[in-house]
Amino acid sequence: MVRELMAQRHIAENMLATAGGERRLTDILHISELLQEAGTQLESEHALVRWLAQQIADPNSNSSSQQMRLESDKHLVQIVTIHKSKGLEYPLVWLPFIANYRVQDQAFYHDRESFGGGARSQQRGVQR
15 MVRELMAQRH
25 IAENMLATAG
35 GERRLTDILH
45 ISELLQEAGT
55 QLESEHALVR
65 WLAQQIADPN
75 SNSSSQQMRL
85 ESDKHLVQIV
95 TIHKSKGLEY
105 PLVWLPFIAN
115 YRVQDQAFYH
125 DRESFGGGAR
135 SQQRGVQR
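According to this note's numbering, the sequence shown is numbered sequentially starting from 15.
I should point out that these hints are in silico values taken from the structure, not numbers from a laboratory.
It is possible that part of the hints are untrue.
[Unchecked claim] Ranges between beta-carbon positions, derived for each pair: (1) Val94 to Gln55: 34 to 42 angstroms; (2) Tyr115 to Leu48: 48 to 56 angstroms; (3) Glu18 to Asn114: 49 to 57 angstroms; (4) Gly35 to Trp65: 26 to 34 angstroms; (5) Arg23 to Glu59: 18 to 26 angstroms; (6) Gln22 to Trp65: 24 to 32 angstroms; (7) Glu47 to Val94: 39 to 47 angstroms; (8) Glu59 to Arg37: 26 to 34 angstroms; (9) Ala21 to Asn114: 45 to 53 angstroms; (10) Tyr115 to Trp65: 20 to 28 angstroms; (11) Leu30 to Asp125: 45 to 53 angstroms; (12) Gln50 to Arg23: 16 to 24 angstroms; (13) Glu59 to Thr32: 23 to 31 angstroms; (14) His60 to Ala31: 32 to 40 angstroms.
Note that the structure is predicted; figures quoted are calculated from it, not measured.
Quick reminder that beta carbons are idealized off the backbone N, C-alpha and C, glycines included.
Using the sequences plus the hints, can you model the full thing?
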């Protein structure tokens, strides 16, 4: 119901256009999820309002449902299978076991910044 109202009124678009909008939008969606879950267990809208007032007055910081959520996970570490991505869209790709089938004296690091300076400048060897 909240998502439908937000879509009709373009609330998400308007909030995201403001400073801190992503944080506020995440909080509103989180509260709406908590209200929807509590609403299935309560008998009326008045009981739901009392429940919300009680949660605001006496928050349980140990409850996982009341922990503040991240507004975005774009800066988190992403684990992706090699079959899903070639790594071209990521600034750093780490393939820890890709060459385990052969013995190698050096590990190589590909530096995108020095790309174009010849094959030797593109990869730097690091002694193990």
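Any of the earlier hints contradicted here, and which numbers? Structure breaks hints 7, 10, 11.
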